[in-house]
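As numbered in the numbering used here, residues 4 to 91 make up the sequence shown, in order.
Derived by calculation from the structure, the hints in this document are not laboratory data. Incorrect hints may have been included.
Said to hold, decoys possible - FRET-style restraints, in silico, Cβ to Cβ: (1) 63 with 14: 30 to 38 angstroms; (2) 73 with 28: 28 to 36 angstroms; (3) 33 with 86: 12 to 20 angstroms.
Note that the coordinates shown come from a computational prediction; the quantities given were computed from them, not determined experimentally. Beta carbons are placed, not taken as given, at the ideal position from N, Cα and C, and that holds for glycine.
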Amino acid sequence: MLALPAQLTLREARQTLAALSGALASAQGEAVVDASPLTQIDSSALAVLLELKRQAASRGLRFEVRGAPPRLQDLARLYGVQGLLALT
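Given these sequences and hints, build the entire structure.
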């Protein structure tokens, strides 16, 4: 399982994406992201998740986000990407 950090804003997005992309490279069958640690986010968190989903799809992996906090769910609805990310 890939775990997101507690803070994922524009400042952390590039580093977080690089780290999780590296971890995703060794995933097999599925890519599950644990979003429960998130406490401080902005729309960059959505961008990171959408890019991870794209990378997972290009490797033929099923992608899932678990433990999405209410703020992340609200942002996904606001930007119209809740269906793409299927946050749980």
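Q: List in ascending order the numbers of the hints, as given earlier, that are violated by the structure.
A: none
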